[in-house]
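**Q** Here is how the chains run, residue by residue.
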Amino acid sequence: MAKKSYRQAINEALAQEMRRDPTVIVMGEDNAGGLGSPGEDDAWGGVLGVTKGLMPEFGRERVLDTPITESAFIGAAAGAAATGLRPVAELMFVDFMGVCFDQIFNQAGKFRYMFGGKAVTPLVVRTMYGAGFRAASQHSQCLYPIFTHTPGLKVVLPSSPYEAKGLLIQAIRDDDPVIFFEHKVMYDDEEEVPDEPYTIPFGEANLTREGDDVTIVALGRMVGMANQVADTLEKDGISCTVIDPRTTSPLDSDTILECAEETGRVVVVDEASPRCNMATDISALIAENCFGALKAPIKMVTPPHTPVPFAPELEDLYIPNPEKIEAAVRAVATYER
Amino acid sequence: MLQLSREDLLQAYTRMRTIRDFEDRVHEEFATGKIPGFVHLYAGEEASAVGVCLHLDDKDCIGSTHRGHGHCIAKGCDVEGMMKEIYGRRDGLCGGKGGSMHIADLSKGMMGANGIVGGGPPLICGAALTAKTLKTGGVAVGFVGDGASNQGTTLESYNLAKVWNLPAVFVVEDNGYAETTASAWSVGGSQLKRAEAFGMPGAQVNGHDFFEVAEAAKEAIDRARAGEGPSLIHAKLDRHYGHFEGDAQTYRAAGEQERLKAETDCLKIFRQRVTETGLLEHGQLDQIDKEVASLIGHAVTAAESAKAPTAEDLLTDVYVSY
Numbered sequence: 000m001a002k003k004s005y006r007q008a009i010n011e012a013l014a015q016e017m018r019r020d021p022t023v024i025v026m027g028e029d030n031a032g033g034l035g036s037p038g039e040d041d042a043w044g045g046v047l048g049v050t051k052g053l054m055p056e057f058g059r060e061r062v063l064d065t066p067i068t069e070s071a072f073i074g075a076a077a078g079a080a081a082t083g084l085r086p087v088a089e090l091m092f093v094d095f096m097g098v099c100f101d102q103i104f105n106q107a108g109k110f111r112y113m114f115g116g117k118a119v120t121p122l123v124v125r126t127m128y129g130a131g132f133r134a135a136s137q138h139s140q141c142l143y144p145i146f147t148h149t150p151g152l153k154v155v156l157p158s159s160p161y162e163a164k165g166l167l168i169q170a171i172r173d174d175d176p177v178i179f180f181e182h183k184v185m186y187d188d189e190e191e192v193p194d195e196p197y198t199i200p201f202g203e204a205n206l207t208r209e210g211d212d213v214t215i216v217a218l219g220r221m222v223g224m225a226n227q228v229a230d231t232l233e234k235d236g237i238s239c240t241v242i243d244p245r246t247t248s249p250l251d252s253d254t255i256l257e258c259a260e261e262t263g264r265v266v267v268v269d270e271a272s273p274r275c276n277m278a279t280d281i282s283a284l285i286a287e288n289c290f291g292a293l294k295a296p297i298k299m300v301t302p303p304h305t306p307v308p309f310a311p312e313l314e315d316l317y318i319p320n321p322e323k324i325e326a327a328v329r330a331v332a333t334y335e336r
Numbered sequence: 000m001l002q003l004s005r006e007d008l009l010q011a012y013t014r015m016r017t018i019r020d021f022e023d024r025v026h027e028e029f030a031t032g033k034i035p036g037f038v039h040l041y042a043g044e045e046a047s048a049v050g051v052c053l054h055l056d057d058k059d060c061i062g063s064t065h066r067g068h069g070h071c072i073a074k075g076c077d078v079e080g081m082m083k084e085i086y087g088r089r090d091g092l093c094g095g096k097g098g099s100m101h102i103a104d105l106s107k108g109m110m111g112a113n114g115i116v117g118g119g120p121p122l123i124c125g126a127a128l129t130a131k132t133l134k135t136g137g138v139a140v141g142f143v144g145d146g147a148s149n150q151g152t153t154l155e156s157y158n159l160a161k162v163w164n165l166p167a168v169f170v171v172e173d174n175g176y177a178e179t180t181a182s183a184w185s186v187g188g189s190q191l192k193r194a195e196a197f198g199m200p201g202a203q204v205n206g207h208d209f210f211e212v213a214e215a216a217k218e219a220i221d222r223a224r225a226g227e228g229p230s231l232i233h234a235k236l237d238r239h240y241g242h243f244e245g246d247a248q249t250y251r252a253a254g255e256q257e258r259l260k261a262e263t264d265c266l267k268i269f270r271q272r273v274t275e276t277g278l279l280e281h282g283q284l285d286q287i288d289k290e291v292a293s294l295i296g297h298a299v300t301a302a303e304s305a306k307a308p309t310a311e312d313l314l315t316d317v318y319v320s321y
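Residue numbers (numbering that gives the first Met the number 0), protein chains in the order written: chain D, 0 to 336; chain P, 0 to 321.
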């Protein structure tokens with residue numbers, strides 16, 4: 000099996016689905032690039048090159064570059080989805096949700112319910128998230144908890160190239176609106192990814208490590224860090240289960256609760272801002288359902304409640320890292336009443 | 000000059016009369032406390048919805064506004080299902096989950112009234128994109144009020160429809176007030192100059208005159224179907240009721256509503272025109288009036304006796320699968 004990057008895996012998923020289904024289209028700012036410009040066509044393939052090569056194969060009728068007008072084209076994607084296409088719209092950075100959120104959460108996310116179950120809206124919004132790029136406060140946020148909060152939306156956080164391909168194909172074939180979060184720091188991560196199309200179902204968590212002592216629930220880019228910590232601690236005799244929920248909506252609460260029951264010690268690692276994020280949500284879920292099984296307080300590893308800073312020294316302090324996760328796991332593992 | 004068959008004219012009058020009776024009756028019933036929530040009535044603006052939708056069929060889509068009942072009826076939605084929806088009943092058009100502000104029927108190309116001012120224009124760009132991509136021959140029409148005409152979503156949609164060359168038509172229904180605020184004050188520049196600025200053909204019409212609306216709409220819709228891109232129609236008209244039911248309308252001039260109903264009623268104007276020119280006879284129109292009154296009466300009776308949604312209904316229809 001060939002090694003592929005997170006970027007290549009996503010590109011391959013898009014291309015394979017566009018070949019399979021003529022109603023799949025992609026749209027976004029500079030998804031090809033160079034439209035109407037004097038120089039090269041397909042100049043960018045998206046700001047970080049994820050959609051490169053799609054336009055030459057599928058043409059500008061199915062790879063639509065847009066003006067910088069998120070409200071209009073995200074809404075157009077919602078309207079197109081409700082009327083027969085399967086659009087994959089790219090919201091370049093999720094931070095830009097502020098200028099188009101209405102079309103996602105009030106329109107696309109509510110059509111089915113408001114229209115009495117008669118609407119089908121197979122929309123995918125691909126969007127970049129996460130800190131670590133020195134991109135500062137308006138290009139680095141996580142924000143997936145806000146989408147998870149909204150009934151009617153599904154929210155996907157692929158944690159590796161293999162996960163990204165299977166989850167994106169699932170997202171495109173899914174009949175509900177899906178927000179697909181791509182961590183910008185992970186685009187060059189590589190692992191073995193099958194050439195053929197495959198799907199990974201939503202709402203089924205992946206246990207990337209299995210152990211008896213501590214359960215670590217980690218999201219998106221944090222999964223890789225949690226695995227690293229689990230491998231380190233294994234050598235010290237602390238064995239960890241690492242849960243990658245894969246999707247925050249639907250959330251595989253059964254798997255999370257089963258593992259929490261088994262170990263009785265839980266750490267949740269979330270790169271999103273700490274108030275009302277997935278860490279608080281998952282901690283509340285465990286506290287409500289597994290209170291009797293808990294042997295230690297649940298620990299949350301998150302950034303501080305600040306905007307994402309610019310200076311490299313500050314950003315490095317901001318983002319959860321293996322050292323912080325390891326400290327939390329050790330504290331939970333050794334906690335005695 | 001637009002040529003319409005007798006069948007077209009009879010259907011247009013029927014739909015205009017249906018909207019009027021529907022809205023007048025909802026106004027009455029709302030006052031009794033039987034209808035929950037917020038209701039925004041379209042009475043007075045019938046010639047706009049009907050004059051535009053006359054040229055559309057089920058493959059064409061429309062996006063609507065807060066004031067959506069008229070657009071629904073003009074697009075062929077079931078009147079009894081609509082009334083039940085407004086009453087929040089289980090077999091309403093949206094299962095009682097949408098209500099007046101979200102009433103929709105996608106099978107009729109009616110993409111929903113919209114609780115968000117300016118929510119609809121991006122959506123109809125999407126419907127137009129579907130029509131263009133799948134080559135259905137369809138067009139999409141976005142109705143917006145004068146209030147929504149100042150929303151970024153609307154102006155962004157003008158631009159997107161233009162640069163994507165979409166089969167789209169925007170109809171600005173300017174009833175003079177966004178809630179209480181006069182459009183004479185709130186709209187900078189002019190609707191027609193806005194169309195011009197985005198490179199779209201624009202037409203201003205007397206929105207009380209069905210024939211004027213229908214003629215401008217045909218031109219714009221034909222242009223869209225022919226692949227010649229979007230257009231804008233600015234319909235000047237009046238609403239007979241307040242922004243919502245319960246609005247005391249203290250912002251209006253004294254006697255304004257009585258004057259509007261006497262002087263600018265699109266149904267009276269239509270009747271006068273078709274009878275004076277011999278296209279239709281009073282008797283035919285009177286017959287339609289009777290039939291519509293019976294239809295609306297029946298719809299209200301049916302809505303009043305219809306069943307409420309159940310506890311199970313609360314949890315269904317959020318997702319196709321979850």
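No wet-lab data here; the hints were simulated from the structure. A few of these clues could be false.
[Unchecked claim] No farther apart than 25 Å at their CA atoms in a straight line, the calculated lysine-lysine pairs in the BS3-like style are these:
id, chain 1, residue 1, chain 2, residue 2
1, P, Lys-267, P, Lys-306
2, D, Lys-117, P, Lys-289
3, D, Lys-234, D, Lys-117
4, D, Lys-51, D, Lys-2
5, P, Lys-235, P, Lys-161
6, D, Lys-117, P, Lys-134
7, P, Lys-260, P, Lys-192
8, P, Lys-58, P, Lys-33
9, D, Lys-117, P, Lys-235
10, D, Lys-117, P, Lys-161
11, P, Lys-267, P, Lys-289
12, P, Lys-134, P, Lys-217
Keep in mind the model is a prediction, meaning the values are calculated, not measured.
**Q** Indicate, hint by hint, whether the structure satisfies it.
**A** Evaluation of the provided hints:
no. : hint                     : result
1   : P/Lys-267 with P/Lys-306 : violated, 37 Å
2   : D/Lys-117 with P/Lys-289 : violated, 33 Å
3   : D/Lys-234 with D/Lys-117 : violated, 55 Å
4   : D/Lys-51 with D/Lys-2    : holds, 19 Å
5   : P/Lys-235 with P/Lys-161 : holds, 24 Å
6   : D/Lys-117 with P/Lys-134 : holds, 24 Å
7   : P/Lys-260 with P/Lys-192 : violated, 30 Å
8   : P/Lys-58 with P/Lys-33   : violated, 35 Å
9   : D/Lys-117 with P/Lys-235 : violated, 34 Å
10  : D/Lys-117 with P/Lys-161 : violated, 30 Å
11  : P/Lys-267 with P/Lys-289 : holds, 16 Å
12  : P/Lys-134 with P/Lys-217 : holds, 20 Å
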